Amino acid sequence: MKLFYHIGRYFIMLGHMLRKPEKSGMYWQEILRQMYDIGVGSLPIVAMISFFIGAVTSVQTAFQLLNSFIPDYYVGFIVRDSMLLELAPTITCLALAGKIGSNIASELGTMRITEQIDALEIMGVNTEGYLVGPKIMGAIIMVPFLIVIAAYLGMLGGYAAVAATDAVENPMYIKGLLVWFKPYYINFMVIKSVVFGFLITSISAYHGYYVKGGALEIGKASTKAVVYSSIAVLLADYVLAILLT
Amino acid sequence: MIRIENICKSFDGTQVLFDISASFERGKTNLIIGKSGSGKTVLVKTIIGLLPVDSGNVFYGDDNFTEMNFKQRKHIRMQIGMLFQGGALFDSLNVEKNIMFPLQMFTNLTLKEKLARVDECLDRVNLAGANKRNTGELSGGMRKRVGIARAIVMRPKYLFCDEPNSGLDPKTALVIDQLIKEITIDYDITTIINTHDMNSVMEIGENIIFLHNGHCAWRGNRKEVLRSDHEELESFIFASDFLKKARAAILAEK
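So the sequence lines, in the order shown, correspond to chains A and B.
Per this note's numbering, the very first residue in the first sequence carries number 1; after that it's consecutive.
Per this note's numbering, the very first residue in the second sequence carries number 1; after that it's consecutive.
A portion of the hints provided could be inaccurate.
Said to hold, decoys possible - Each computed DSSO-like pair below joins lysine-lysine, with the alpha-carbon atoms no more than 27 Å apart: (1) A/Lys20 with B/Lys97; (2) B/Lys74 with A/Lys23; (3) B/Lys71 with A/Lys23; (4) B/Lys35 with B/Lys181.
Please keep in mind that the hints were generated in silico from the structure rather than gathered at the bench.
Quick caveat: nothing in here was measured; it's all calculated off a predicted structure.
Based on the provided sequences and hints, a complete structural model is requested.
As structure tokens, this is what we get:
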């Protein structure tokens, strides 16, 4: 029963978020701030994770294909498709769930227990709209960019790894990146990243927004935000894989 | 004027407010007093609509707040200023931006006009020149004063103060009390103060309701407090032997 209570309250929060803004300019300012925090703030961690994921994928693939009849350029092909279809959107978003999710939950949780949210409500501000909406919008806009960068850096990481280890000749790796390319995979990756961005921010915001208690509860809310948004990302990944392939 | 009628409120089956009715008059400092856990904060939160009532009505002027929809409530809330116990200042904004926030959200004033209004409010709470200070570097008393400045920046009709003196030394507490009283008179607003500070009761208690275990146990003003023989009120206000003796001495003089 508790699950239905939370799901219901989550959708009520989202419903309230859609009310007309008091002043569009203020909301746009907040969206821009969130875009900067989510986009620029997450870039270093996304770059590092994706570069090394690409590098590891290429080395592992090259090792598996060593002395087989499969051509060397398959390494580039596998790295490219793995990064576009799964590793860039899913693994990066799981990392973002940890970074953005805990940040949002603790920020809103602190605002709740220090009565800053109450202060906004008493002023007449639609707090769901002003505090939660821009975070979701910021993520929906910026996460796809992060994922595209992640996919590119993953392939670059793969290139660097094969270049460093001589596992595959560089032209072969490049050839693998170019063969049998389906532009639809980019759409698939972007759709995934939009859905994941929405889930991470909305679920984390829900856990922060409804915190009750003190510092201990904020810590618990942050943990829940990361755990539940990660689970939601994985579930959505499965559902999208069924729907879009 | 704010009027509440037969307010009842419970949480998870435990009733915390029992059939409370009261009037809070304009131009006066109205106090809700009582021990910790007596239901003061819950009552204030139900009056401003942060908590829904189980039954009863809240009237702002002649308008029934409990029956209003979101849009109508929003209109009333824009006429409310509130000072929170901890100030509830926005950490990410400096003093000036904290005070300016409601103006930015709800008015179309130019930046110059907004800054002038911020200066006016800061001046009113004796914090002129503190515009660019970070909220993190303010003392408890200064945070309260910035909170008051933010609460009055929209020229509210109603001012709510939740434990305005908590965590302050007696002298600063007195300054805050006087400030709230002056603002109430100057702006001719309805002020409701939720407190358990005995000094506030005796300094600015023009209309007092005393809550005991969720019931409205007594009502009167600061002069009547001295003469009241209400057992619970007496043990709450004059808790120490020193205060009991002081009260006896004052009454004997009169």
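These are the hints, each one checked on the structure:
no. : hint                  : in the structure
1   : A/Lys20 with B/Lys97  : holds, 23 Å
2   : B/Lys74 with A/Lys23  : holds, 14 Å
3   : B/Lys71 with A/Lys23  : holds, 15 Å
4   : B/Lys35 with B/Lys181 : holds, 23 Å
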